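4 protein chains.
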Amino acid sequence: MYNFRTDLALERRDLYKKANNIEKEVDGIETTEEKIGEDITVSKVKILNENGENAIGKKKGNYITIDIKNLKIASEDEIQKASEVVTKELKDIINNLVSPEDPILIVGLGNLYVTPDALGPRVVQDIDITRHILEYMPNVLEQGTRSVSAVSPGVLGTTGIETLEILKGIVDNIKPKLIIVIDALASRSIARISSTIQIADTGIVPGAGVGNARKELTINTLGIPVIAMGVPTCVEAATIAADSLDLFIQKVQEEAQSNDFLNKLQDEDKYEMIKEVLAPQDYNFIVTPKEIDELIENMSSVVARGINFAIQK
Amino acid sequence: MYNFRTDLALERRDLYKKANNIEKEVDGIETTEEKIGEDITVSKVKILNENGENAIGKKKGNYITIDIKNLKIASEDEIQKASEVVTKELKDIINNLVSPEDPILIVGLGNLYVTPDALGPRVVQDIDITRHILEYMPNVLEQGTRSVSAVSPGVLGTTGIETLEILKGIVDNIKPKLIIVIDALASRSIARISSTIQIADTGIVPGAGVGNARKELTINTLGIPVIAMGVPTCVEAATIAADSLDLFIQKVQEEAQSNDFLNKLQDEDKYEMIKEVLAPQDYNFIVTPKEIDELIENMSSVVARGINFAIQK
Amino acid sequence: MYNFRTDLALERRDLYKKANNIEKEVDGIETTEEKIGEDITVSKVKILNENGENAIGKKKGNYITIDIKNLKIASEDEIQKASEVVTKELKDIINNLVSPEDPILIVGLGNLYVTPDALGPRVVQDIDITRHILEYMPNVLEQGTRSVSAVSPGVLGTTGIETLEILKGIVDNIKPKLIIVIDALASRSIARISSTIQIADTGIVPGAGVGNARKELTINTLGIPVIAMGVPTCVEAATIAADSLDLFIQKVQEEAQSNDFLNKLQDEDKYEMIKEVLAPQDYNFIVTPKEIDELIENMSSVVARGINFAIQK
Amino acid sequence: MYNFRTDLALERRDLYKKANNIEKEVDGIETTEEKIGEDITVSKVKILNENGENAIGKKKGNYITIDIKNLKIASEDEIQKASEVVTKELKDIINNLVSPEDPILIVGLGNLYVTPDALGPRVVQDIDITRHILEYMPNVLEQGTRSVSAVSPGVLGTTGIETLEILKGIVDNIKPKLIIVIDALASRSIARISSTIQIADTGIVPGAGVGNARKELTINTLGIPVIAMGVPTCVEAATIAADSLDLFIQKVQEEAQSNDFLNKLQDEDKYEMIKEVLAPQDYNFIVTPKEIDELIENMSSVVARGINFAIQK
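Protein chains in written order, with our numbering: chain V, 35 to 347; chain D, 35 to 347; chain P, 35 to 347; chain X, 35 to 347.
Chain V extracted, bound-state conformation (with noise of 0.2 Å):
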């Protein structure tokens, strides 16, 4: 399959859509845009059949991706007008899959050490736990409170654990009726950094589509269903690179002065090659905006709240 190198529904739909030169919409997929005030757009990408499964990647189901303008400098007002939207999407999604007083069990992924990996832990962090108070002391809690409860299990890089192993004893043991993981995602485009939120009802499917199924987080694996929150932190660098490279020789071409060279060349992917060159050591270059810290407690805002309005009446 392409490497698409974004785990946004959108985008790899935009991209199947410019490499395959389709006009109108990807058989199988179905996809709305709606613009909320000048600053937020709420995009849905319906995946309806194998088609638009091995089109893009990713599996059957509904994949909402809310862009909102200008996080970085955000003001309070404008954190809780984006999680309201936040709250909207999610709640039909979780009305859609399990009962208002089912429990819920939210699970942060990612590296709270390294920051473009730490959203997840931090809007764990923020959550409002009831799961404990309905035990010991129900009676400080309206009627009708929903039980729910949230870890942090931390990467296998500093566990050695993979993360399906330590979700499904604590699924077997506490018994939740739905999973709602929030995780930091890659993206193509670096507008994107911390400034989109994807909410998925099909789950995390790492390495989607390329076999490896072992580990997804998903009703498969887990046996209840999984709503999936991710926001792109960080971009590739080879990514930008090999981007750039695009552009350019798309530029070369508008100008006629390609040759069959380049034409050629303009229909492979540069990135293997690009890779290669920049990262001559065993790190993992990303692109990311130098003011990620902020922008990563702004969005891990917009998250816990838009959660904590969803799950509860």
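The set of hints was computed from the structure by calculation and includes no laboratory data. Fair warning: there could be bad hints in the mix.
Same chains, same label: a pair holds when it works inside one copy or across any pair of copies.
What the hints assert, rightly or not - Each computed DMTMM-like pair below joins lysine to aspartate or glutamate, with the alpha-carbon atoms no more than 25 Å apart:
#1 K69 / E84
#2 K93 / D126
#3 K106 / E72
#4 K103 / E176
In this text, all values refer to a predicted model and were calculated from it rather than measured experimentally.
Following the hints, complete the assembly by docking chains D, P and X onto the known chain V.
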């Protein structure tokens, strides 16, 4: 049972002896002490039978206390030396319980976002994890490397889940043969704050002897042996005040200025009365050095290095 | 002078009245109190003359104390409401001292790396700075925007330089007309920890009344008026213990079980005796809530917003 | 002047040689290189005259570059070894400029809250300060201890004050004889991120050669010699993309598939074109390793220890 207000077996044994005017050793308890250089003292309390258990409310087993002077201003060398003492004592206990290649799970209890409670998660951050490397790239490790994994399960207040519920699931899934739990403790003595490590081969029994056994982290609940490494990081404010009152009445008596009323008070526990006075609100007031951030940092290094060298050959 | 062990004028005045059995107001001091809603109390202590100064060891001037209940669990709304009270009181004081466009320098005292001392630097982080924008891009700001700059000069122990030496140079170079200093204070009452703000128009006089005037941060040393905003973040451990002893002796007396010896003790200050017992090492033991990290975060928001709205129209 | 997009004299000299097809050394520049063990290389660039200055846009003086391999996974020993190389080179430069007991001021530039910019403030945190001890308790220090003080003045965006304005005042008040400034730099090579230290005896000249001399931190503006220690912590995203394009065109040429248009492009700087494409918003996009937090931590240790041993006998 007497409210010792300390988790250290050594302090409990001293308090018990004093309260009961015991000159020699308590029946059912054995104690030894060794000085290592200028700054380190290793004390071992062995609880031999039920009498010892009842006396100080701790399970039958071994409790090793390592006191380190001046850790606040410790140089790199002194941190290294202290960690070597931890390694030596911990290694003996591990070798008594499991074979050299048996897998070990390290568990950092506590809340990373509350400084005096952050020791466990900070230590986990510095543990050398091997389990995933043994699984995916075994050739890069030396023959005979032990499988080591680690988690920081969070605290009930922020996860809504009992630590035992989380650990049980993980143990079922990854099947370690031994657990080492790191936790922050309460002590009676401010001199011991972040300067003492207690290593126990009995696991962790919160509210020991008071019932509530369901939540203990021991071989009884987890099915495998549990080593507990605890570091005092605070003293309850009410403990400080109550201890001051004791000293005061003692001084009055020494100067032969006491009276029946005071003498009677001396035998009571003033802790509850003081607690009420001190804590008009629902805070958890503690006495801690202003420099607690730095002390926790140094102590985390001592404990993490101590473990890293004890668990591999 | 009496060792008040508190930097709050309000607490000192209460202690002075009690110690001297004064029923009405202290000569040279005026006090008013106002409740704002359920959770906020504003008390104003005005020191009118030298008699007032000598009584409580504070300079002639205005000391406003804002007490906020339950700040630990404050919602976004409550933080906002508290900050508005700060804005109102601070604005009055600023308008008494300078004109609306006179430049202001904000100074965050304290050590960022020691949680109970980090309030000043954290507030500075959230101040809306305009001085450089007025200089380089004045058009992006509204007409009449005041020039605001801010520094966190660090503490003597980590810089080797007196705060006054650093500030003097900055004042000489950038010529503000007013300084607002934010600092963490000691208090007598644990209920006030990170729940009270004192605003004083007299600057900061460390060791007030004890001499050592060289290092005070006031109009005398800096040549421009200095507003001091102080927040209690800890109580000395010895203070807690000494206060407990006082309560204890009082109780003994009430029950008519006292004797001459105790009665005499009652009049002494037990603080020095206790300090010796408590502090066998060179730590600085303090009483602080375990939740200090979160409290400081909330209080920083209150103070920073309070300032931001007070300094611009 | 050519836009080098690097602050390292060594990289500039290499770029200049390449751009001008110079085989030997640039006129007015001298270079030496020395390998120390497996992992460390020390290169020295000496700019001898105006010709050298003009060639690479750096002031006459000495620029020492220390490259350290594999710092990310450095053990305690390797950090120590690297710091010893820093000590040796720094000591030589210091001894050329001042006498053994002349007071030194250490200045950590940068923003503590933006990880790739936090190196300066983090180093300052670990410097051994003596100035206040020499003043208040000289007897606890060895005879001949040098007076050392340190500040982190913050950045213009968060203080509203030029660094020079802050430092001038401090220099006037405490009168050091030498300043050592630590700063994060931009580099051309991702392999150098947090792996290289440049020590220069010429101070810091932002926008060197472009005018704007007013804000330089040098003997000209501060009146005393300034040593600059710089560590690359990021590469501009546009630099990565432009360099990739260069490599690409070079490859096309090598394969004899180029044409006049491409050949002409090769001589232009594609940086500005790419910058526009990359940065549609007002972020400051950088390329940095995901592991930057840990790299900065290790590099801070190397620099701080390097300084601590260089400044005292």
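inquiry  = Reference check for the pair K103 and E176, CA-CA at most 25 Å: within, between, both, or neither?
reply    = between (36 Å within a copy, 23 Å between copies)
request  = Could you place K93 and D126 in one of the four classes (within, between, both, neither) given a Cα distance threshold of 25 Å?
outcome  = within (19 Å within a copy, 52 Å between copies)
Within, between, both or neither, where K106 and E72 count as close if Cα-Cα is 25 Å or less = within (16 Å within a copy, 35 Å between copies)
key: K69 and E84: within-copy, between-copy, both or neither at 25 Å Cα   = For K69 and E84, the Cα distance exceeds 25 Å both inside one copy (29 Å) and across copies (59 Å).
When held up to the earlier numbered hints, the structure conflicts with hint 1 and nothing else.
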